[in-house]
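Chemist: Using the sequences and the accompanying hints, generate a full structural model.
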Amino acid sequence: DAGVIQSPRHEVTEMGQEVTLRCKPISGHNSLFWYRQTMMRGLELLIYFNNNVPIDDSGMPEDRFSAKMPNASFSTLKIQPSEPRDSAVYFCASSLFQGEGYTFGSGTRLTVV
Amino acid sequence: SQQGEEDPQALSIQEGENATMNCSYKTSINNLQWYRQNSGRGLVHLILIRSNEREKHSGRLRVTLDTSKKSSSLLITASRAADTASYFCATDSAGNKLTFGGGTRVLVKP
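Each protein sequence line maps, in turn, to chains C and A.
Residue numbers are given in this note's numbering: position 68 of the first sequence equals residue 68, and the series is strictly consecutive.
Residue numbers are given in this note's numbering: position 27 of the second sequence equals residue 27, and the series is strictly consecutive.
If you're looking for bench data, these hints aren't it; they were derived computationally from the structure.
Please read all numbers here as calculations on a predicted model, not as lab measurements.
Treat each hint with caution, since some may be false.
Claimed, not checked - With beta-carbon atoms standing in for the labels, derived distance ranges:
| # | chain 1 | residue 1 | chain 2 | residue 2 | range |
| --- | --- | --- | --- | --- | --- |
| 1 | A | K69 | C | P70 | 23 to 33 Å |
| 2 | C | S87 | A | R41 | 38 to 48 Å |
| 3 | A | D66 | C | S66 | 37 to 47 Å |
| 4 | C | E100 | A | T67 | 18 to 28 Å |
| 5 | C | S66 | A | S28 | 27 to 37 Å |
| 6 | C | N52 | A | A94 | 12 to 22 Å |
| 7 | A | N38 | C | S7 | 13 to 23 Å |
| 8 | C | S58 | A | L107 | 11 to 21 Å |
| 9 | A | T67 | C | I55 | 35 to 45 Å |
Note that the Cβ used here is the ideal one computed from N, Cα and C, for glycine as well.
Modeler: Next comes the structure, spelled out in structure tokens:
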């Protein structure tokens, strides 16, 4: 298994542009999570899905952020418009529901200038 | 807000020594997990301990859980340079949603 796959690995964009981050979870995992990591705030849960359904999006900072999971093998996190304070490393993780821990992707390092 | 808080924030030891880090949390949990993150990489799951367990081992790792004190500890025995990383505790309080602490940065000097 290739693990959780995120793309792109790095993204540099100008303020105001739309950014789309992509994630392919491990096949058979029922839960998918999006986290953001910064030095100031650490790891923050943005949103998570169970069986492709969004369960808790209380961590999504603003309406500029949206996430979708159209099927069990793909999820996107979109920021529109992007702002410099969105600069962070965004991680996707998947797990079996009530399983033995998360498997994280390698992350997308987003820089908004 | 962070559920778990690790202590110390940073730890520097010599290769071969043991490393101990602690995690305190605020609310009742279903389980507590420890993760490792190497610089510039994603987190890697190390070990999970359930609320009805008190101690668990995995290789050179030993985790304890004291639910009465709402605390956990991670011990890495006979540390190696490759153990240099940040270590995070994470708590599952409701429905498979993990809340992470701020992490302990461990430096193992050869």
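Chemist: Can you let me know if the beta-carbon spacing of A/N38 and C/S7 is within 13 to 23 Å?
Modeler: At roughly 20 Å between Cβ atoms, C/S7 and A/N38 fall inside 13 to 23 Å, so the hint holds.
Chemist: Return holds or violated for the Cβ distance of C/N52 and A/A94 against the range 12 to 22 Å.
Modeler: 20 Å, holds
Chemist: Is the gap between the beta carbons of A/K69 and C/P70 within 23 to 33 Å?
Modeler: This hint is violated: roughly 44 Å between Cβ atoms.
Chemist: Against the range 11 to 21 Å, how does the distance between the Cβ atoms of C/S58 and A/L107 compare: consistent or not?
Modeler: Roughly 35 Å apart at Cβ, these two residues miss the hinted range, so it is violated.
Chemist: Do the Cβ positions of A/D66 and C/S66 conform to the proposed distance bound of 37 to 47 Å?
Modeler: 41 Å, holds
Chemist: Determine whether the Cβ-Cβ distance between C/S66 and A/S28 falls within the hinted range of 27 to 37 Å.
Modeler: 32 Å, holds
Chemist: Take a look at whether the Cβ-Cβ distance between C/E100 and A/T67 falls inside 18 to 28 Å.
Modeler: 20 Å, holds
Chemist: Can you tell me whether the CB distance of C/S87 to A/R41 sits inside 38 to 48 Å?
Modeler: 19 Å, violated
Chemist: Take a look at whether the Cβ-Cβ distance between A/T67 and C/I55 falls inside 35 to 45 Å.
Modeler: At 26 Å between Cβs, range violated.
In terms of the numbered hints stated before, the structure departs from hints 1, 2, 8 and 9, listed from lowest to highest.
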